[in-house]
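Residue numbers (UniProt numbering), protein chains in the order written: chain A, 1 to 361; chain B, 1 to 288.
By construction, these hints were calculated from the structure, which means they are not laboratory data. All of these numbers come straight from a predicted model, not from anything done at the bench. For glycine and all other residues, C-beta sits at the position ideal for the given N, C-alpha and C. There is no bait here: all hints are sound.
Quick list of simulated restraints, FRET-style, between CB atoms:
(1) A:Ser-143 / B:Val-273: 31 to 39 Å
(2) B:Ala-109 / A:Asn-203: 48 to 56 Å
(3) A:Val-321 / B:Cys-95: 44 to 52 Å
(4) B:Leu-277 / A:Gly-47: 40 to 48 Å
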Amino acid sequence: MPEGPMIAQLDLELRGVRKRYGSFLAVDGVSLKVEKGQFVCLLGPSGCGKTTTLRCVAGLEEPDEGDILIGGRQVTGDPPWKRDIAMMFQDFALFPHMSVAKQVGFGLEMLKKPRAEIGKRVAEVLAAFEIAHLAERRPAQLSGGQKQRVALARAMITEPRILLLDEPIGALDYALREAVMLELKALQQRTGISFIWVTHDQNEAFSLGDHVVVMNHARIEQQGPPEDLLSRPRTAFVAGFIQGNNVLRGKAGAAEAGVLPVETADGRFHVPIIGAAPAPGSEVSFSVRAERIEEGENDLPNRIAARCTTVEYFGAFRRHVLSSGSGVTLKWDQFGALPPRLRAGTETTLGWRTEDSVLHA
Amino acid sequence: MSTIRHRSAAAFWLAVPAGTWMLAAVVVPTLLIVWVSFWGGRAFSASSPLTFDNYARFFANAAYLRLIGQTFLQAATLMLICGTLGYCIAYFLVCKVRDARWRTALFLAFIIPFWTSTLIRAIAWVPFLGTNGVINQALMATGLTERPIEVFLYSMTGVTMAQVSLYTMLAAGPVVYMLASIPPALREAAMTLKAAPVTVFRRIVFPLTLPGVVIGQVLVFLNVMADFATVATIGGNKFALLGNLVLNFYEGSQLRFAAVAAVLLMGCMLAGVVLALRVVDIRRLGAR
Chain A
1 MPEGPMIAQL DLELRGVRKR YGSFLAVDGV SLKVEKGQFV CLLGPSGCGK TTTLRCVAGL
61 EEPDEGDILI GGRQVTGDPP WKRDIAMMFQ DFALFPHMSV AKQVGFGLEM LKKPRAEIGK
121 RVAEVLAAFE IAHLAERRPA QLSGGQKQRV ALARAMITEP RILLLDEPIG ALDYALREAV
181 MLELKALQQR TGISFIWVTH DQNEAFSLGD HVVVMNHARI EQQGPPEDLL SRPRTAFVAG
241 FIQGNNVLRG KAGAAEAGVL PVETADGRFH VPIIGAAPAP GSEVSFSVRA ERIEEGENDL
301 PNRIAARCTT VEYFGAFRRH VLSSGSGVTL KWDQFGALPP RLRAGTETTL GWRTEDSVLH
361 A
Chain B
1 MSTIRHRSAA AFWLAVPAGT WMLAAVVVPT LLIVWVSFWG GRAFSASSPL TFDNYARFFA
61 NAAYLRLIGQ TFLQAATLML ICGTLGYCIA YFLVCKVRDA RWRTALFLAF IIPFWTSTLI
121 RAIAWVPFLG TNGVINQALM ATGLTERPIE VFLYSMTGVT MAQVSLYTML AAGPVVYMLA
181 SIPPALREAA MTLKAAPVTV FRRIVFPLTL PGVVIGQVLV FLNVMADFAT VATIGGNKFA
241 LLGNLVLNFY EGSQLRFAAV AAVLLMGCML AGVVLALRVV DIRRLGAR
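Take these sequences, add in the hints, and give me the full structure.
Pasting the structure below:
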């Protein structure tokens, strides 16, 4: 594929970005392409390198290796103030000595816009974010939700190519988060600005992102649309990190007709093969989603005996946590409207179709 | 906002020892000095009539007025030099020294000299500044000058040099505190909003450290105004500021004039502090 026209479509490209702090490798060869107007979520546990990756894009950290391209232009080595980005910080980083209006206009002031234009744009943006009545307030006089809006308005007013968001709703009350998430998604779709959203919360990542990047130990484990990650976790880490997966480990048998038998402490299971079959006898893992599992007597090819330990009711579904004979924790989700079938202590059998299990790399 | 809603009577009793001490050692003597400054007549007694004569005679003397002006000028000079140096030192310590151990070591090296008394540190400058002193010997050894520079000792230049060394830390300390309390994300946020480092300093860092700068300036101002020891030792009794005038009157047994000079000195210092507090509300410090 010719590279030229491809790049023009990309708002951001990372090529093998590596960042080291002393002997600690914070980002290890991260490559990523963000298409124009895409909503990308960097997801991973704390310390996985997602924030450092974001800071490399902002220019707040200098990568030791690799290239960063914004809008097709090489920006590696450029300072933050020369990059076509804006950033929202975790605790909002509002300037305590500036009024909301001054704060929101700061970016335009830095771009040397005429005073009249700044005043007009600030008024428009404050109205659009429904914070016009706060214009003269100082950050100390604002609530968490108000601070969040001010920080967002301050970042968006310069109409950057990319908005970088470092856990932007982590500091908000839980009740407020969902509403803010919806607003931010709508804003992103309306403006067409690419969002790169760092979070450790998979609900945020999967409900917001067009493209989700799961990171662990400074590397990208898997990236793709949310559906792909949910239905086809590529590694045991991704499967274990994403809620609702049952991860089982065992020894590979001899593959036959595209199906791999896996010998585990809880018996033999059949898993479809993707790509090359693992060598017989090698350690493999696979996962099955909790909602794909069926409980009780049936003639499914994969069956496991388990004892229910906890039942959690979420309204839409009922999650059962079970323990297998060898002590593996299993989850089975049942549609919430159905009558409950298991209680803590009930012995049962779980089963699933072969095509519902996913072999990990 | 205070979380203490109710103050019990016992809490007030806790303040009694310190209050008594302040009253006896500061408030009463100060009031006595003010009272004495208004004593008329010739006898030094509590039955003296109260008049403005002492003040009238003081202000009639142009030499004394000039001396007040020189005292303010000296304070302003020191505020400028110590403020600039102090800010640079504070900025270096907080923003440029990345290693926490190095920062502690440098900070200690910076403040340990201040564990000795001001008077001793002032006197310690004499062997440095003299015509045969360390500085002149060094200058001549390196060939920068042929003859010793005499303006160092027994001159206002020498006094200023000594005072800079004595009071720079007072200007730096509050700035160190204010700089350290600025979250790094604020500078970073400004940079992502297209502000280059100089602008980040001018628009974000400096305004946020302003209370520390003002407090440092107040401390330098008060110390220079009250400093008679450095002026006496380094200036070699050839120079006098308002503080030395108090001492001179006292040693000459002109107690009423000593009181007048003392009251004026206190008045000047008070005026300076009030002026500074109009710029920055110290009570709001740390409330951010």
